[in-house]
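Participant: Sequence lines, in order, name chains V and U.
First residue of the first sequence? That's 4 in my numbering, and the numbers climb one at a time after it.
First residue of the second sequence? That's 4 in my numbering, and the numbers climb one at a time after it.
One or more of the hints may lead you astray.
The list makes no distinction among identical chains, and a pair is therefore deemed to hold if it is satisfied within one copy or across any two copies.
The list that follows gives simulated cross-link-like pairs (lysine-lysine, PhoX-like), each with its CA atoms no further than 20 Å apart [claimed, not checked]:
id, residue 1, residue 2
1, K231, K242
2, K119, K103
3, K173, K184
4, K275, K313
5, K346, K313
6, K108, K313
Hints in this document: simulated from the structure, not taken from any laboratory.
Protein chains: 2
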Amino acid sequence: MRIGILTIGNELMNGRIADTNASFIAREANQQGWSVEAIMSVGDDFAAIKNRLDYLLSMTDAVICSGGLGPTSDDITTAAIAEAFGLSLYTDENVLSFIKDIFTKFNLRWVENNAKQAMFPQGAEVIPNLRGTAPGFLLPVKKKLIFAIPGVPAEAKMMMTEGVIPALRKHFPQNDQYAEKQTIKTFGLSEAAVDDRLKDIDFDSMGVSVGFYPVFPENHIVLIARSKTHDEAQDNLQKAQNEISSRLQDYIFSYGERTLEEVIASLLTENKLTIAVAESCTGGLITNRLTDVSGSSDYLERGLVTYSNKAKISMLGVPAEIIEKHGAVSEETARLMAEGVRKLAGTDLGLSSTGIAGPTGGSKEKPVGTVYLALAGPQQTICRHYSFRWDRKRNKEVFSEAALFLLKNYCETQISKTK
Amino acid sequence: MRIGILTIGNELMNGRIADTNASFIAREANQQGWSVEAIMSVGDDFAAIKNRLDYLLSMTDAVICSGGLGPTSDDITTAAIAEAFGLSLYTDENVLSFIKDIFTKFNLRWVENNAKQAMFPQGAEVIPNLRGTAPGFLLPVKKKLIFAIPGVPAEAKMMMTEGVIPALRKHFPQNDQYAEKQTIKTFGLSEAAVDDRLKDIDFDSMGVSVGFYPVFPENHIVLIARSKTHDEAQDNLQKAQNEISSRLQDYIFSYGERTLEEVIASLLTENKLTIAVAESCTGGLITNRLTDVSGSSDYLERGLVTYSNKAKISMLGVPAEIIEKHGAVSEETARLMAEGVRKLAGTDLGLSSTGIAGPTGGSKEKPVGTVYLALAGPQQTICRHYSFRWDRKRNKEVFSEAALFLLKNYCETQISKTK
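Given only the sequences and the hints, what does the whole structure look like? Please build it.
Facilitator: Set out below in structure tokens:
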């Protein structure tokens, strides 16, 4: 099936906001095995919307429009689509009372132009919006389909996956009617290396499509299994996942949408482990990421950004001689930082980072991008040494990711030991 | 002038990456007073590129293409544009030796397909690329102009501002030949409030256009003054800036592109002030932002994320009774945290945050989004109390922004006192 995408709004044409809906819609369509023929943006303008719709319909089976469904006078998508095909508008009374209920519930003053959001072109089918007031719709035109969904990204995403894709699968029935999806998140291998390790897997014979999505510093793999039955799709997905797991095991941290921070949150909470962090080069980023998870105060006791040597010495008890002899950026210092913060905070674990984020401060022996990460536990302290080559901000990001990954691995090892 | 934008690459059509170039190009064009008629994305496909170019040229004076100029076989933009207009390709010897020099300089092995980047359609003019190997070009076609620039965002941005815009201004001479630009960054007012405070200014009569760009949690204002002479454009820009300054003074932190962290870095460095940070609800984000600036070790001594009450008590010396009586989220605790970390680190300043990022932990008196921020100096400690209503991550962002803003204001006040 051939798809066209039309994002609508003056704010896209003047560059005021970047269009994130188009790439999300394209990605979802692609994962269904559909081909995206063209992506366009257009302003809130009747003639231009008609012109772009005609052009897109000339080369596609369905056009997905996003944006311009709100209550204000510049939101004209519904009226423009109706006008483009000579259709009148009707009011859907169910939608109207649904919108009025929202206003009552949140104690908002009803303004009459909100009724606009309950109006649809004759022949359109309503697609409900569970995250906002403006519903979307689908309109069959000349054996093709036009979809209209809101521009608010969270609403557009929900309606694309829960409204547009099922409707398209229904209107254009395919042999492989069932699609099951799995995201696998990895860290530590380049995209080319991930690709190389998986190249011998025959995904096609399993009826599974595979996509690679770099989300710095991670690489995400998305699998879609399609089949005539739900069970077969699930089986095939599981087979493909098993093949990937056996080849990338050490680099996978999440089967599904959970972030690395969220995976760690579960591991620490389930095993009643507490942690304290001592950071140097990451400047607070490790602790900041740990505290992005609600409830992190259950396991994170404190974090110290010991940026100066004085702070490393006085708070963490790293001996001045060690810093003098081996340098603040060294395995010795990293280990003592992790052990020091663990002891100071009285936690089960202590995690530390010391390195050179750049752009200055590098040397021949320890170039910009060098980092030592240590994790102190009750029995032992482990330390890892890495070299990266990014700019300051990306170095901080990849340092923090490697530190959290070390923590995840440690927790998993401890758990498997106690079982 | 009417502009069309065409971003080229299979990675855009399958949603693998989001298109950020289109919105940047649209914004720059808009700031020149030009109208963006259509934005399109297309895959690396000869026929599709020709088709989209014809369509865009039918409604515009110039089309700016981005992407597909690299050395690999799927980069076909140059050949597709040549083919679309029946033009042959020529090799620019200067460009070829420039690219070969880069390979020699960085000790890279020369692969012959790199020579592709020195090939251009007959009649094209080269636009140099100072950040990469692939140059761009402009091609006059049927009294219109086609531009091709790389897809790598940093290269696309540089070539848009330094190559495409000057060339368009030259080829389509305008009365207001000189354009001067100024960005003004604000924090603390909603976009609607900024708009409202500026609504009495007659920017038109000054020949100045004004654009508002929300960059959460900041609002940026971009002024463009156009005039027949450079001096007049500069004068008009200054006039407009003065009008804005007098109305938004308390909310502006940057005239130009500098970030809040960079503004603070200058203030602290120039005044030889050192700082330490004690964070609770921001979880390390304030310290992380301060350390995003290279050279921050000159003024940042340490940062503590005292997430637990125990850490607040033992490291910062906040009395347990104070926390018990007023709560960890209170003006009293915030003040003692700032004073405590200042004393502990022996710095000129101490900055603290304590609040409720959410989604849990709120109460009727102190709902989610409540934050107390304190700054301790040699003479006194100041404290601010705010209430925001975002989700956890955005609350952390806006809390950290408000803390850094408080720090900026303090530094400026101190400096004006000593003068």
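Participant: If you test the structure against every hint from before, which numbers come out violated?
Facilitator: Of the numbered hints, just 6 does not hold.
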